[in-house]
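Put chains B, C and D on the given structure of chain A with help from the hints.
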Amino acid sequence: MARSEIVALILAGGQGSRLGVLTKYLAKPAVPFGSRYRIIDFALSNCANSGLETVGVLTQYQPLALNTYIGNGHPWDLDRNKGGTYILPPYQSSERSDWYKGTANAIFQNVEFIEDQDPRYVLILSGDHIYKMDYAGMLKTHIEQKADATIAVFEVPWEEASRFGIMNTDKQGRIVEFEEKPEKPRSNLASMGIYIFNWPVLRAELSCDEEDAHSDHDFGKNIIPKMLSADMRLIAYHFTGYWKDVGTIGSLWEANMDLLDRPEAINLRDRNWRIYSRNPVKPAHYIADSARVVNSAMTDGCNVSGQVEHSVLFNSVTVEKGAVVRDSILMPGVRVEAGARLNKCIVSFGTIIGKNVKAGADVEGECRYSNTRFCQDGITVFERGLKIRDGAVVPGNCMVEFLEPDTIVEAHFRV
Amino acid sequence: MARSEIVALILAGGQGSRLGVLTKYLAKPAVPFGSRYRIIDFALSNCANSGLETVGVLTQYQPLALNTYIGNGHPWDLDRNKGGTYILPPYQSSERSDWYKGTANAIFQNVEFIEDQDPRYVLILSGDHIYKMDYAGMLKTHIEQKADATIAVFEVPWEEASRFGIMNTDKQGRIVEFEEKPEKPRSNLASMGIYIFNWPVLRAELSCDEEDAHSDHDFGKNIIPKMLSADMRLIAYHFTGYWKDVGTIGSLWEANMDLLDRPEAINLRDRNWRIYSRNPVKPAHYIADSARVVNSAMTDGCNVSGQVEHSVLFNSVTVEKGAVVRDSILMPGVRVEAGARLNKCIVSFGTIIGKNVKAGADVEGECRYSNTRFCQDGITVFERGLKIRDGAVVPGNCMVEFLEPDTIVEAHFRV
Amino acid sequence: MFINAMGLILADHKRIQLGELSRPRALAAIPFAGRYRIIDFMLSNMVNSGITCVGVLAQQKYKSLMDHLGTGSSWDLDRKKQGLSLLPPYINSLNLDSSDNDNLSGLLDFIRANRFRNVVIANSNVIFNATLNDYVSRHEDSGADISVLFNRDGFKSGPPAIMLGMDRKGSIKDVMINPHKPVSNRRSAGVVILSREILIDLLNDNAARGDSDFSVESLLRRYMELRICGIEYKGTLLRINDIPTYFSSTMSLLEEKTRRELFWAGLPVYTKVKDEAPALYGPLNQVSNSFISDGCVINGSLADSMVFRGVTISAHAKVSNSIIMQDVYISEGVELDHVILDKNCVIRPGIKLVGQKDFPVVIGKGAIV
Amino acid sequence: MFINAMGLILADHKRIQLGELSRPRALAAIPFAGRYRIIDFMLSNMVNSGITCVGVLAQQKYKSLMDHLGTGSSWDLDRKKQGLSLLPPYINSLNLDSSDNDNLSGLLDFIRANRFRNVVIANSNVIFNATLNDYVSRHEDSGADISVLFNRDGFKSGPPAIMLGMDRKGSIKDVMINPHKPVSNRRSAGVVILSREILIDLLNDNAARGDSDFSVESLLRRYMELRICGIEYKGTLLRINDIPTYFSSTMSLLEEKTRRELFWAGLPVYTKVKDEAPALYGPLNQVSNSFISDGCVINGSLADSMVFRGVTISAHAKVSNSIIMQDVYISEGVELDHVILDKNCVIRPGIKLVGQKDFPVVIGKGAIV
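Chains as they are written, first to last, in the working numbering: chain A, 74 to 488; chain B, 74 to 488; chain C, 84 to 452; chain D, 84 to 452.
In isolation and in its complexed conformation, chain A is listed as follows (with noise of 0.2 angstroms):
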């Protein structure tokens, strides 16, 4: 088959509310991830890596970063004069003007987009997991089962699995049942939000599901149970391997230290399934005589003289002499300056924590910007562009942002 056949299209609008002040700026796929990566780097590359071409971005809120970040799309081969990469944001026409309202009125919208490709296949992802997956084995398996729509499903442990979309399978793989975080899971099978549909399927549903004025417009909620209500044919597509949800603060720290503590788990290095980024255009790293690194992840533009353990830094990252980054993610463009403790935070673009600074889990007590709804196990969240003053002290579970200039913060400026 032609590759212009299937279309993938990644729903990249949502908010990310979860993770607080990182996505206060920019939309959670464009959260930098892993060192070098974007979050939506993933599912763009296993798009580039399985073959697909065309790919639509649906961008809603605080699209710009993201847009920037994809540009024409080149850094993931996506750069085609026929196909290739497409923002799509909402958009006024002669009947209408609204903004997306859930993930399958975000594809409705853009039913005319998707007629202008004319594929037979639309695969259906979300850009802000961290996994790698090749979706022509998934659309291989849709097509040999004559499906109407495919899910991948993973296997997550069995006392989670009423946290998720759970699958009921018959024994050839066909869903028979889907119940949304079931009290009871009667399998561990959660659905990854990454669907293969028949357009024409598709479409007559989306158009269905856009009459009814109770739908929450959503794919789990609304357009799979109708599907399997009506007795159409879906199948389970099971995928193997690393797979996580970077939703919140803790599962966003996790996944980056996962990359240290099992490099193998979600293999980076594996020259035949390549994860492509925007390169930032700098020097290889420098480490400087007094500098200690161990445990631990970096890029070029890094410029590290104090001590790094068990922490990911991202590009132009500076870690002066005498600072000590324990169990941190340094966002790119940060500086540590001398003398300054970091332990367990996340520190978003281009933030100075200023000399002597302590701050994170082993920082015992409470400030202004505690925030136990987001930040637990003692990560400290920092904004980006901040000034952290001289010697500022900030407890464990901290959302730090700019209110005003305070003791610990000092100032806040474009990054």
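By construction, these hints were calculated from the structure, which means they are not laboratory data.
Bear in mind the structure is a predicted one, so any value in this text is a computation, not a measurement.
Just so it is clear, CB atoms sit at the ideal spot from N, CA and C, and this is done for glycine as well.
Among the clues, some could well be false.
Said to hold, decoys possible - Selected chain C positions facing chain D (Cβ under 8 angstroms, derived; list incomplete): (1) Thr-154; (2) Asp-161; (3) Pro-171.
Coordinates of chains B, C and D only, in the frame set by chain A:
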């Protein structure tokens, strides 16, 4: 100076409602023009030929066709990794979600994009004018004159001056007064809606304008008069050459005919200033034995067996044997069947004119599609994707669209 | 799921020369059909099949080919990985594989570096419009070592003709070049499909033997050692073997069936974008049964001809049965019949040139007549 | 408004050889500074100046250069018009300009086809980070026929040294190669600026004389007939003339000033994107004063070294004062001091290699030691 020091922003969000059915499914800048082009090709090609590398296209109304047409920017050599073409739709942020309210507000909503590019100068363009202009020359004037803003002006005939925004300048070219559609114009220098601003100046003006609840958020009505009243240095840049606003059915028709009647006026054959466009990938056009083609322009994929006089044919148009097309504009994929006669007709994408149809200026009378508000001088317009019944008779000054099948329109299909 | 093959196009053919038209350029780069170069057809077939990695093997005079192909963006082959590679004859002192066999070693490197299961190798003198997916599947299913496309053109369109003798199972049992008494009308279409592993073996073999000849012909000659199967191509197929077949192939495009099958069967033929203005017809012209390309200005009379991009035909000029290439200028009162004008020629006022169907007058690139 | 110049980079230099490092590749393609090839610096200077058309003149062993440059997209030079062109030595039977002088005629075609007012010609062995706009303006303002960048390095960094004698107006009055008794410390930086017209004249001249030598040196030797002016370059500038200067230039990047001026002065140095994983530091490493690139896995000890992309340094290995190129694998217990390992080398467990500052041990590409 570096190419990144100036960013061009093309206002392409307007519906262009005076073009009636031609802009039912696409924004005005995406309307076909001159056999091979879309209206926006002129602004984009001017940018490319002027050496600009970063171009933002602000879209809002029916942007899909425009987005797909612009794609990665490759046809205009604007598919840069750094810079290049950006489609800029309205979006949601944590504070607000708004459609663009006026030309100035559209730019204001993209302040963050512009800041990311970090330019010294911003060039504001309209996406719906036909002209060739070296913006680098205008920038040179702007810099040499140490202007806060430079506005391109064009000498219009005195009798038409009251239809334009008129600039009154002193001898050095400094603008001393601006009158929007003055009854008694004191100059015939009309604003072309092309502005260069020092970015810090514009940014400040936009913020200020945004606060003003009485403002229409329009460059011509608000920003420019405000800057003049603050005694800022506004310079007029004189443009000579072909320039046409193709905002009405009449002016669109005229501008197309200009290419036939005075091809030297806007020389499309100048190899030092090519007008680029997205190529349809069709073979050379074919003229059959039975054909007669005079005073006409056409392009790839056409297939002419009938008579074509003083007309502009876009790609993949078929004119069957015995059909006569005069003074008309046939957009991509139109088919004129045997024995049909068109006179002063504009036929949109893929419409089929059935056998022996008679339509246009030389047909007297009225019908349900008569529309003298948009159509004058006998010009008749057909919506895209129509099938006109064999033998139908359509008078001049009609705007034929699909309402229901009737004696003129047989059906409507997707193109 | 998607096609698992790379493409290899041979830009030259040692048995094919097109006189004046070949002088400044490789066979693959000869202009054809108004907007194209010969190579565009095979390249488009590959791209339309979903092939994303194509090597073009050039021996000589490849500058215009290089200019034409550019970054490959016109065929959407300007890719980060793979894409379009021009493989020039190449001297690399390091190459340990075959020190005196540079061309093959460059090719070997290229094939080793790109891990596709199959390789489609094609001559550039054959023009058709089809996807190759089905042929690659049939090759894989058949278990043959090599599959070769053929049609039943027999000796039509002149030498070089590689005629294939086949048994009932479709295996090649005989290969004859320009045979006096052909035993079959099956003629190779110059397109073969084989696995990457077998190609690497064959190339290593050639290199070890010091045999630098790499051609479709030389692969087919292996029919004794390898299982080579024929697959019939049933669509319209044009062969460019010399000036007369170049001329007749062009003229056949004026027939509706050929035109439809090569251009309007749903598969686009990509070529370098030139961004010319639309063609402009003046008040005085008389045009019939002709192809005209963008950028032309037509004021004279034109019949049964193929006109490339950017050509001017002045008033009172008469052109018939001719092929007029890019940017030619034909002055007032010129008369041309059965003429091929290469790029950039200028024909001065009143000049008359008349050829014959089998002997068209050919004027080389840039001549001022 | 914008810079009106095209660039021309000479990928080879007949006086410069880097031993084992030069064996598989042109000078311009020699890996440098962890992520780069030598040519990246000059190419980035041109791109950062707004130059959109660059020709790279290659004489031999240009395959790795071709692979590195690709479509030019890493430098944003994958353009429809202009962009990046590799100009190989080229045989074109049609070329009427200089039938036995193929290299120059290909270059002439290239310069004729691209209509920029000025041409910046640069050797690839000189490394600095600056835009050229100011120098092009100064050239235009001066009215000189040719301008040449120089600095006051004198004979530092060894031969070949082209020393310039200048009068008080800045005009070149003497050009000496590796002089015994230098009269000046002004040394050519291997970058000249001249108008396209003059370059075309000079090339035609050379071609007519059958002189196929085209180099910065040969242009400077014209100081008697042409007005050649020197412009001083005052920033940090590294010269790669042989293995010792390659080694010392690399080591100088470990000094903060050099590092800052070459990498952190605001102008990016572009190179081919490799999409490697981030570098990973294990629990046992000890690293000091070193550059490490993406894709490395560092478990051993590393001091005062430059490590390219994708290198593995196993536990208990000790590397100091060394340059380790792409994808090298260093096994457990290895000891290296003053060593240069080319790409893809494998050093087996327990191996010890020790060189000296002026005589580093150099191991060629792909060796298994």
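Output the numbers, in ascending order, of every earlier hint that fails for this structure. The structure breaks none of the hints.
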